[in-house]
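S.K.: Construct the complete structure from the given sequences, taking the supplied hints into account.
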Amino acid sequence: MKQKSSFFLLLAVFGFLFSTYAQENDKIIFHKSPDPKRQKAPFSETVQVGDLYFLAGQIGMDRSVGKLAEGGIQGETEQAIKNIQGVLKRHGLTLGNVVKCTVILSDINDFRAFNEVYINYFTNKPARTTYAAAGLAAGAKIEIDVIAAKE
1 MKQKSSFFLL LAVFGFLFST YAQENDKIIF HKSPDPKRQK APFSETVQVG DLYFLAGQIG
61 MDRSVGKLAE GGIQGETEQA IKNIQGVLKR HGLTLGNVVK CTVILSDIND FRAFNEVYIN
121 YFTNKPARTT YAAAGLAAGA KIEIDVIAAK E
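The sequence shown begins at 1 in my numbering and counts up by one.
Because the hints were derived from the structure by calculation, they are not lab data.
Predicted model only: the values in this text are computed from it and were never measured.
Watch out, some of these pointers could steer you wrong.
As the list claims (entries may be wrong) - So the derived label-pair ranges between C-beta atoms look like this:
{"hint": "1", "residue 1": "71", "residue 2": "26", "range": "40 to 50 Å"}
{"hint": "2", "residue 1": "30", "residue 2": "86", "range": "14 to 24 Å"}
{"hint": "3", "residue 1": "132", "residue 2": "51", "range": "24 to 34 Å"}
{"hint": "4", "residue 1": "39", "residue 2": "85", "range": "17 to 27 Å"}
{"hint": "5", "residue 1": "71", "residue 2": "27", "range": "34 to 44 Å"}
{"hint": "6", "residue 1": "49", "residue 2": "70", "range": "18 to 28 Å"}
Note that the Cβ used here is the ideal one computed from N, Cα and C, for glycine as well.
M.R.: This is the structure we're talking about:
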């Protein structure tokens with residue numbers, strides 16, 4: 001009987017510690033962009049849940065000049081990834097922390113050219129979904145969103 005009660009006591013302590021850990025690490029934090037122009041956007045730049053970071057989609061907009069990057073799909077892909085890198089850096093993360101990518105192309109025929117750029121940056125090969133949709137923001141050819149995990 002004593003072993004049984006010790007087991008249940010141990011189980012109760014483990015359950016308490018796990019639930020406390022889960023509650024502390026599942027807090028949802030909505031991070032706004034540090035760019036004053038983007039703070040009025042109807043979405044958060046990043047949403048953090050514990051050690052997971054859900055980034056809003058990034059297009060190939062060069063924010064320093066306020067227009068889409070030159071070079072077609074490849075130029076926009078590179079710029080979108082640079083934008084993602086900037087957001088990740090603000091949270092102490094890199095592309096190496098990315099576990100999932102969702103890629104939206106305005107034209108599925110751009111898949112091969114996009115992938116030629118993508119493979120140079122996402123060397124860990126995170127899970128990925130790629131599809132085409134008409135009418136991306138600002139006339140962009142690509143939008144990429146990612147989920148990253150802090151180690």
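S.K.: The structure should be examined with respect to each hint, and the outcome stated for every one.
M.R.: Each hint tested on the structure:
no.: 1; hint: 71 to 26: 40 to 50 Å; result: holds, 41 Å
no.: 2; hint: 30 to 86: 14 to 24 Å; result: holds, 18 Å
no.: 3; hint: 132 to 51: 24 to 34 Å; result: holds, 32 Å
no.: 4; hint: 39 to 85: 17 to 27 Å; result: holds, 20 Å
no.: 5; hint: 71 to 27: 34 to 44 Å; result: holds, 41 Å
no.: 6; hint: 49 to 70: 18 to 28 Å; result: violated, 36 Å
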